[in-house]
Structure formats: structure tokens, C-alpha cells
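Same order as they appear, the protein sequences are chains A and B.
Residues in the first sequence are numbered from 1 upward in steps of one, following the numbering used here.
Residues in the second sequence are numbered from 1 upward in steps of one, following the numbering used here.
These aren't lab readings, by the way, just hints derived from the structure by calculation.
Hints should not be assumed to be uniformly reliable.
[Stated by the list, open to error] Here are some of the chain B residues that sit facing chain A, going by a computed Cβ distance under 7 Å:
1) Arg-69
2) Glu-79
3) Ile-101
4) Ala-111
5) Tyr-129
6) Ala-134
7) Leu-172
8) Val-233
Note that this is a predicted model, so its numbers are computed, not measured.
Built from N, CA and C at the ideal position, the CB exists for glycine as well.
Protein chains: 2
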Amino acid sequence: MEPFGLRLHTKMAACSHLCVGIDPHPSILADWGLADTPENLVFFGRSLIDAAQAGGAAAVKPQSALFERHGSGGIGALEKVLAYGAEVDMLTVLDVKRGDIGSTMRGYAEAYLADGSPLAADAVTLSPYLGFGALRPALELAGRTGRGVFVLAFTSNPEGTAIQRAVTASGLGVGESVIRDVAETNAGAAPMGSVGVVIGATVGSLPPKGAQLITQVNGPILAPGLGAQGGQVEDLGRLFGRARDLVLVTSARTIAGAGPDPERVVAAIRHSAANLSFLGI
Amino acid sequence: MEPFGLRLHTKMAACSHLCVGIDPHPSILADWGLADTPENLVFFGRSLIDAAQAGGAAAVKPQSALFERHGSGGIGALEKVLAYGAEVDMLTVLDVKRGDIGSTMRGYAEAYLADGSPLAADAVTLSPYLGFGALRPALELAGRTGRGVFVLAFTSNPEGTAIQRAVTASGLGVGESVIRDVAETNAGAAPMGSVGVVIGATVGSLPPKGAQLITQVNGPILAPGLGAQGGQVEDLGRLFGRARDLVLVTSARTIAGAGPDPERVVAAIRHSAANLSFLGI
């Protein structure tokens with residue numbers, strides 16, 4: 001496969017910067033008239049992929065936790081959703097927030113980023129509490145298989161601030177150091193690298209060095225939190241400045257909440273995508 | 001069920017402070033003459049649980065990543081290993097290092113800590129990059145179902161230092177703030193609380209405030225890294241001081257590496273457990 005960064009760049013240029021979250025919470029399944037079963041998780045996921053395709057989204061983002069609730073049956077459902085995404089050429093960003101060390105990290109990489117793995121996605125989210133360097137096995141395997149990763153930097157919840165804005169020995173804050181490490185990894189890639197960062201749409205503003213570093217990130221910026229979590233489209237331009245053309249904006253509840261009528265879901269996706277293009281992203 | 005903290009305290013007093021890692025790496029499976037299949041992951045896990053029981057370990061710690069490599073089939077194998085642990089009354093600490101926010105964190109909590117979930121373990125590991133407060137849904141559900149959690153503080157790998165020793169606005173380091181939050185959560189519990197911390201056996205020493213806070217943690221301390229990762233039993237006494245009677249020491253490769261002969265695995269467990277009791281833990 002071509003590198004994830006190139007594939008996503010092409011999709012964002014041709015379609016939009018919108019990523020549709022696939023978050024099968026019990027409450028949204030009930031709103032759709034669906035019992036909370038693995039079979040219905042597949043139906044829910046496939047429906048959102050079809051709508052994402054029809055509405056011009058660049059990617060979908062299944063939330064692993066909500067499949068893991070059902071154990072191996074839920075993971076089987078997730079495999080089917082990911083396979084359907086691949087079948088219809090919809091990019092999948094699997095939100096798993098994994099992070100570990102050494103051979104265990106290689107295990108996670110093989111699970112989600114290896115060719116032929118039943119859970120392989122186009123990209124996954126990773127959590128850097130054990131160090132950015134500890135994630136290398138995933139970055140390396142993703143590089144070899146044309147896949148990507150998004151490393152958490154600043155998340156959209158208030159409880160994350162204490163750790164993400166703590167100051168490292170280098171003088172940079174923790175989240176800023178993640179942006180720096182991602183930028184270094186992507187240096188020289190064109191049109192952009194395959195290693196992204198996660199920065200919540202609701203973080204308000206980046207610290208001064210973070211605002212400078214984000215302009216050099218040269219990789220995709222996954223921004224959740226728009227809509228139900230309170231983020232406004234207007235915040236994005238201020239938050240990301242001239243890096244805003246690298247932003248992939250996630251929206252989940254606003255879109256699934258328009259369902260189950262497929263036409264209404266497609267309309268919600270078109271509306272969200274148009275909001276983003278109005279901003280020039 | 002009785003609270004996890006009480007159950008683990010009883011096991012550590014009656015058996016030992018040793019936790020046997022269940023890490024089905026391809027290389028160790030090959031050493032055991034096993035093909036890397038879900039069926040053999042079940043065999044490997046059950047064999048180690050039997051040996052842990054016979055050798056006097058307090059708990060086992062399956063590593064989720066190495067099951068996830070096999071997709072839904074691997075998760076099905078993990079379910080069987082966890083169910084076998086429950087059947088023979090062996091405490092299971094599932095190493096998943098999950099961490100997210102809001103309803104997604106509740107999804108992870110339901111997957112691993114709810115009664116009746118196919119992946120329910122006695123305790124899980126959690127990663128606090130999104131904030132200790134974001135983990136509350138898991139702490140609350142664990143409290144209601146008699147289960148426990150272990151929150152990453154200081155890990156055994158060198159790449160973790162930059163983030164884990166970064167300084168928060170409170171003046172405490174990141175890892176120290178995790179120990180403080182855990183200590184506050186466990187305050188007043190007897191014989192100890194059900195919220196633990198993870199501190200690698202190889203971290204060398206804790207920062208001064210961390211060394212003081214760990215004496216107030218009043219919950220279990222999961223210490224991986226002994227053996228193959230280079231940690232020495234002698235380090236534990238120095239690292240944990242008078243909190244060393246709360247330490248649950250994980251060993252994986254040293255023990256599984258003695259296999260596949262069950263008697264040799266049991267002997268390796270007895271030897272590791274005796275080393276710990278020689279130190280007074």
C-alpha cells in the first residue's frame with residue numbers, strides 16, 4: 001500500500017477533513033432501535049461507513065472500547081467493520097490508545113498494523129505514557145505496511161491537563177514533547193508523514209512552544225471533541241493556525257445521533273463536512 | 001465478591017508475593033514446541049495457572065497484547081484463560097493498560113470489570129495519560145464488583161522517564177502525582193485498598209516525594225521487570241522501603257522459560273517466591 005500519510009492527504013483533498021466516529025454506545029444503539037449485540041455492532045458500523053462514503057468523509061474511527069465490551073464476539077464484530085471499510089476503500093482509524101514496551105508493544109503493532117492481521121486498520125491511536133520511544137515498534141511496522149499511527153498529545157478532557165502540561169527536563173511540556181517527536185519523525189515526508197498527533201478540539205489553546213511546533217508537525221492531526229463534547233468549528237482555525245490543512249476532525253454523536261435513517265445520517269455528514277470547508281480545512 | 005485488596009492481601013499472606021506473567025510471545029511458544037495459535041495460547045495460559053497454583057504464586061498476569069495479535073480468536077483464548085483462573089481460584093491481573101475518557105472509559109470498565117463480562121478479570125492495569133480523574137469510571141465499577149485496578153506510575157523502561165518524571169503544576173512529578181492520587185483513593189481501607197500502582201522493579205529509585213508517598217499508598221504495588229528485564233530482588237527492598245509488604249512482583253520470562261516441563265515451571269515459581277520471602281516480602 002502507499003503510505004498512510006499520502007492516502008489520507010489524497011482523501012482529505014478529494015472529500016473532506018471529516019472523520020466519522022463509530023461509537024456503538026448502548027444508548028445510541030437504543031436510539032437506533034437496536035439491541036446491544038455483536039451483530040448489531042456490525043450493522044451500526046457498516047451503516048456509518050456507507051453514510052461516510054456517501055457524505056464525503058475522509059475516514060471513519062471505530063472506538064475499540066465499545067466493541068471490547070462484548071469480548072471475543074465484539075472483537076469479531078470489529079473485525080467485520082474493519083474488513084468492510086477496507087472492502088469499500090474507506091480509511092479506518094482504530095481508536096485503541098495502546099501503549100506498552102518492547103516485545104509487548106510489538107504484539108500490539110502486529111495486532112493492528114500487520115498485513116493479514118484480522119484487526120488490521122489503516123491507522124491506530126497510541127498513548128505515550130511509557131514514552132514516545134517505546135512506541136517505535138508500532139511506528140516501524142506501520143512504516144513498512146503503509147499504515148499510520150496517531151499519538152495522544154493534548155486530549156479534549158479537563159482531567160488530562162495536569163499530566164499533558166507537566167514540564168519535562170527539556171523545558172518542553174509533555175504534550176509539546178509529543179508534537180516535537182512526531183515532527184522529527186515526519187521530517188522530509190511529502191505530502192505529509194504517516195505519524196499523527198491527537199489534539200482535542202476543545203483544548204482551547206496550545207502552549208506557546210506547542211503552537212510553534214504544530215506548524216512543523218508535517219503529519220495528520222486528529223481532533224476529536226467537535227459537537228457533543230463542546231468543541232466549535234471556529235476553535236480549530238485558532239488552535240491549529242496554518243497547520244489546519246493537516247487536521248482530521250472527528251465527529252461521532254452528532255452524526256450517529258441523526259440516525260437511524262440513512263439519508264439523515266448522510267445529511268449530517270455533509271453538513272459537518274461543509275462546516276469544515278467553510279473554514280478552509 | 002470481597003474487595004480485591006482484601007483478596008490479594010489474603011493470597012499474599014498465605015502464598016507469596018509472586019505474580020506469574022502469562023506472556024505468550026511467539027518465541028516462548030516455539031520454545032515450548034507450540035505453534036502460535038489461539039488453542040495453544042489457552043494451553044500455555046492454563047499450564048502457567050496450574051503451575052502458579054502448585055508453586056504458591058498469589059496471582060497471574062496475562063498480557064492482553066499477545067492475545068490481541070490473534071484477533072477475535074485470541075480474545076476467545078484470553079476469555080478461556082481468565083475463566084480457568086476464576087474456576088481454580090487463581091487471581092487474574094489482566095495487563096491491558098487501557099485509558100480513555102467519559103463513556104469510552106466506561107466501555108473499558110464494563111469490558112474488564114463488570115460481573116458477567118466474558119473478559120472480566122480480578123484486576124486490570126490502566127494508563128493515566130488522559131488524567132487519573134478520567135479513570136474514575138473504572139475505579140467506581142471495580143469498587144462495586146470487588147475488583148481492582150493498577151495505575152501506571154513509573155514503568156521499567158528508560159523511555160518512560162521524560163514523561164513520568166515531568167513536573168506538574170502542583171510541584172509533584174507525574175508518577176508521584178499518580179501515587180498521591182492512589183493513596184488518597186485508598187485512604188482508610190483495611191487491610192489495604194483495591195487501587196494499586198505499577199512501579200517497575202528496575203526504576204532504580206523514586207524521587208524523594210515519591211519515596212515518601214509510596215509509604216502511604218495503602219494499596220498493592222505491581223512491580224514488573226524482575227529477571228529478564230534486569231531487576232534484582234535486592235532492589236525491591238530499597239525501592240519500596242516499608243511499603244514492601246504491599247508489593248506484588250511479576251516475573252514472566254524466567255518462569256515460562258523453565259518450561260514446558262510442568263515440574264520445572266513449578267520449581268522456577270517456588271525459587272522466585274522463596275527469593276522474595278527471603279527479603280521479607
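Hint status (Cβ of B:Leu-172 to nearest Cβ of chain A, threshold 7 Å): violated, 9 Å
Proposed interface contact between B:Ile-101 and chain A, which counts if any beta carbon pair is under 7 Å: Hint holds; B:Ile-101 Cβ to chain A Cβ min 4 Å, cut 7 Å.
B:Val-233 as an interface hint toward chain A, with CB separation required under 7 Å: violated, 21 Å
Hint status (Cβ of B:Glu-79 to nearest Cβ of chain A, threshold 7 Å): holds, 6 Å
Restraint check, 7 Å cut-off on beta carbons, for B:Tyr-129 near chain A: At about 4 Å, which falls below the 7 Å cut-off, the nearest Cβ of chain A leaves the hint on B:Tyr-129 intact, so it holds.
B:Arg-69 as an interface hint toward chain A, with CB separation required under 7 Å: holds, 5 Å
Chain A contact restraint for B:Ala-111 - C-beta distance below 7 Å: With a closest approach of 4 Å, the B:Ala-111 hint holds.
Status of the B:Ala-134 interface restraint (C-beta, 7 Å, chain A): Constraint on B:Ala-134 satisfied, holds at 4 Å.
Hints 7 and 8, counting from the list given before, are not met by this structure.
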